[in-house]
Each structure stands twice: as structure tokens, then as C-alpha cells.
Amino acid sequence: MLGKLLKYELKASGRMLLPIYGAVLVMGIISSLFLRTAPDMNWDNTIMTVLTMVSIILFFGLIFAALCLSLVISILRFKKNLLGEEGYLMNTLPVSTWQNIAAKAIVAVLYQIISLIVAVFAGFSFTMVGANVSFVEIFGSVIDAFREILSQMGGVFWLYAVEILVIMLISTFGSNMMIYASMSVGHSMNSHKVVSSVAVFLGFYIVSQIINSFLLAGGAYFYALAGSYSLSELYRPQPAILAILVLEIAYLTAYFFITKYFLKRRLNLQ
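The sequence shown begins at 1 in the UniProt record's numbering and counts up by one.
What the hints contain is simulated information worked out from the structure, not anything from laboratory work. It should be emphasised that the depicted structure is a prediction, and the values quoted were computed from it without experimental measurement. The beta carbon of each residue, even a glycine, is placed where N, CA and C say it ideally should be. Just to be clear, a hint being listed does not mean it is correct.
Stated by the list, open to error - Computed Cβ-Cβ distance ranges for the label pairs, DEER-style: (1) K7 / I117: 17 to 23 angstroms; (2) T49 / N190: 55 to 61 angstroms; (3) Q152 / L89: 55 to 61 angstroms; (4) G203 / K7: 31 to 37 angstroms; (5) S141 / L116: 20 to 26 angstroms; (6) N268 / S208: 23 to 29 angstroms; (7) Q152 / G84: 51 to 57 angstroms; (8) S208 / R265: 22 to 28 angstroms; (9) L10 / A161: 27 to 33 angstroms; (10) W98 / M153: 37 to 43 angstroms.
To be verified - No more than 25 angstroms apart at the CA atoms, straight line, and that leaves these computed lysine-lysine pairs for PhoX-like: (11) K79 / K11; (12) K193 / K4; (13) K80 / K264; (14) K4 / K80; (15) K193 / K7; (16) K80 / K11.
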């Protein structure tokens, strides 16, 4: 059943996000062509300058919209589908609460990753076409930088790369789950549900920052301690990275169970 929920969410969110992605790519090509060809055109310079600036502003505006909408749509989908008018229907389906939560979170993170990829790809395309730089040149520069990093770090680079990617992924899930938990708690109230959700979110954020501050101080101590034991400079950050990973998993788990509890036990659709 989780697969069907994922398919439904992908289609529902994609109807709003996919056109934005297409617009970003198209406007990136248009704005980069304006930027590249403007000096060679015989048109009035003022007109070309205005057209070029407008196209560039629209391009970066669409990138910003794509990045923001992926989050906004995930929030609206969660609210409408589980806490709003569709909540009665969703709670009569033969699916468990965790499946509803998982479907929302997985699709939200997936589209946020796609939004980032589209933004990066569009930015590279804009740079290549606008600055008349070939893909081979950029790719060659990236490869050279990559080789330099490998020569300095060796195999430990891959360890850190995998750990950082995993942390980023879990952190993204955790951020979405914190929003879901805040909304679930806030919408359990009889009134002022949105205000309550924002207040709960701020409470979660403040508590997490306090915890992070204490752990940061502890991490600095253990980093110095690792140096006193002559641990290799490359491996000194390892305890801190593992601590961050454990912390992000703890946040994700806590927010998930809070969301599940309030959706299952304290759901208030009135």
C-alpha cells in the first residue's frame, strides 16, 4: 500500500512542480542566450540591456521558486491530505499511520533533491552558454580539483563523502519531519491551529539549538582530545561526524514518533 501512496503523492506534487522545473530550464537557456548575444546585436543597447536583465531576474526567480515550492507544497500536501478536508478519507483507507507519514516525507525529500539538481544544472547551463565556456572545460576543471583532493586525502575522502551525504539526507528528512510534527501537535488544538503549529515549530527549533550547542562544546573538547592522542589530522573530525549522524537520526526518530502519536491518538479534523 505504501507504493500506491507514493505513486499518488508523486503525481499530486508533480503536477505543480514539474512545470516549474521546465520553466527554469527554458528560462535558463533564454537568459543565457540573451547574455551571450546581446553585445553582437544591432538593436538599441538600452532595450537589449533591459531584456537581458529581465530574463536573468526571471531565471533566478524561477530557481528560487522551485526550491521554495518543493517545501511549501510538501507542507500544503500534509496539511490538506492528513489534517484538512481530505483527512477523513485518508483515515478510512486500509493503511497505517506510519505509511501516510512515510509517503509524504519520501516524496517531499525526493522533490527537494530534484529541485536542487534542476537548480544546479540550470546554473551550470547558464554559465556555460552565457560565458561561452564548454562543458569539457568545466568538467576538466572539476576532475582536476577532484584529483587534487584525492591526492591530499586519499581513501578517507570517500568515507567523509558518504558520511556527509548520509547526514544531509537524514537531516533533510528530519527537517521535514519536524514540520510535520509541529503541524500534527498544532492541529490537535481546538482553535488557532496554524498559530499553534508555528509556536510548536519554534519550540522544537529552540530545544534542538540548545542541544546542538551543548554537543558542539563537547565536540570541541573531544577534537582536542583526539589531537592529544596523536590521532591523524584527517581522522580527527570522525568522532564529530559520527556524533552529528547519531543526533540527526535521533531528531528524525523523535519527530516521526511525535507525528505518528498525534495523528493516531490526537487527530482533530474539526
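Violations among the numbered hints
Hints 12 and 15 not satisfied by this model.
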